[in-house]
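Enquirer: Go by the hints and put chain E onto chain L.
Given next are the chains, with one letter for each unit.
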Amino acid sequence: MTRSELIEAVASRSSNFSKKDVEIIISTLFRSIAESLAKGEKIEIRGFGSFKVKNRDGRKGRNPKSGEGIYVDSKKIPFFKAGKELKERVNTKKK
Amino acid sequence: MTKADLVEATYEKVGSSKKDVAEVVDSVFETIRTSLENGDKVKISGFGNFTIRHKRERRGRNPQTGQEIMIGERTVMTFKASQILKDIVNSNS
Numbered sequence: 010m011t012r013s014e015l016i017e018a019v020a021s022r023s024s025n026f027s028k029k030d031v032e033i034i035i036s037t038l039f040r041s042i043a044e045s046l047a048k049g050e051k052i053e054i055r056g057f058g059s060f061k062v063k064n065r066d067g068r069k070g071r072n073p074k075s076g077e078g079i080y081v082d083s084k085k086i087p088f089f090k091a092g093k094e095l096k097e098r099v100n101t102k103k104k
Numbered sequence: 045m046t047k048a049d050l051v052e053a054t055y056e057k058v059g060s061s062k063k064d065v066a067e068v069v070d071s072v073f074e075t076i077r078t079s080l081e082n083g084d085k086v087k088i089s090g091f092g093n094f095t096i097r098h099k100r101e102r103r104g105r106n107p108q109t110g111q112e113i114m115i116g117e118r119t120v121m122t123f124k125a126s127q128i129l130k131d132i133v134n135s136n137s
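Top to bottom, those sequences are chains L and E. Mapping to this note's numbering: the first sequence position 82 is 91, numbers consecutive. Mapping to this note's numbering: the second sequence position 55 is 99, numbers consecutive.
Chain L on its own, in the form it takes in the complex (with noise of 0.2 Å):
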């Protein structure tokens, strides 16, 4: 399923919203949570997970090509927690 074949989806069940409008929200809901994120927020979101920052410390690398030693930069990186509903409903069993 993409972005796309999301707004369709929720669009089709909506009685209240245009394409346009859900468009929007879906577009705003995914803005706000890398927003969110960037300020170092964690978001939760009941019954389908967390997302959250982790902190990558910086290291000693290596260009593989040349084999120069370089250090990389820390970084932030994001994560997802599958929270409980969304695990169990992912682990049922289909027939």
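Possibly wrong hints are sitting among the right ones.
Listed next, the in silico EDC-like pairs over lysine to aspartate or glutamate satisfying Cα-Cα at most 16 Å (straight line) [as the list claims (entries may be wrong)]: (1) Lys93(L) with Asp131(E); (2) Lys87(E) with Glu94(L); (3) Lys47(E) with Glu53(L).
Covered stretches of chain L (chain E as the covering partner; in silico rule of three or more C-beta atoms under 8 Å from a C-beta of chain E) [claimed, not checked]: (4) 22-32; (5) 42-51; (6) 64-73; (7) 84-91.
No lab work stands behind these hints: they were computed from the structure. For each residue, glycine too, the CB sits at the ideal point set by N, CA and C.
Expert: Relative to the frame of chain L, chain E by itself:
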């Protein structure tokens, strides 16, 4: 940030009631859950991909007691952030 905050951030953009927007937000997450439940991955361009992975049965160990146990075959989901999301997260540093 919780779902209520997401609704708050969203409802003004479409000039609608919080209640109606909350319904759509719920529907978005439910649609993603259903898709994953049915074994179909969800790709949100510019954000990331939610994918399904099948894990085989393996032998594990309780780290506390050292006792060996079998971890059954199972299906889990993983999230891989897109490069765009990774860049956004690193932009405010």
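Enquirer: Next, verify each hint and record whether it holds.
Expert: Going through the hints against the structure:
For the hint pairing Lys93(L) with Asp131(E), the CA-to-CA distance comes to about 29 Å; that exceeds 16 Å, so the pair is violated. Restraint check for Lys87(E) and Glu94(L): the C-alpha separation of about 20 Å exceeds 16 Å, so the hint is violated. Our distance criterion of 16 Å between C-alpha atoms is met by Lys47(E) and Glu53(L), whose separation comes to about 7 Å. With 6 residues having a beta carbon nearer than 8 Å to a beta carbon of chain E, the stretch 22-32 of chain L meets the requirement of three or more and the stated coverage holds.
Chain E is given as covering the stretch 42-51 of chain L, and this holds because 10 residues of the stretch bring a CB closer than 8 Å to a CB of that chain, at least three being needed. Under the rule that three or more residues need a Cβ within less than 8 Å of chain E, the assignment of the stretch 64-73 of chain L is violated, with 0 such residues. Coverage of the stretch 84-91 of chain L by chain E holds [criterion: at least 3 residues with CB-CB distance below 8 Å; count 7].
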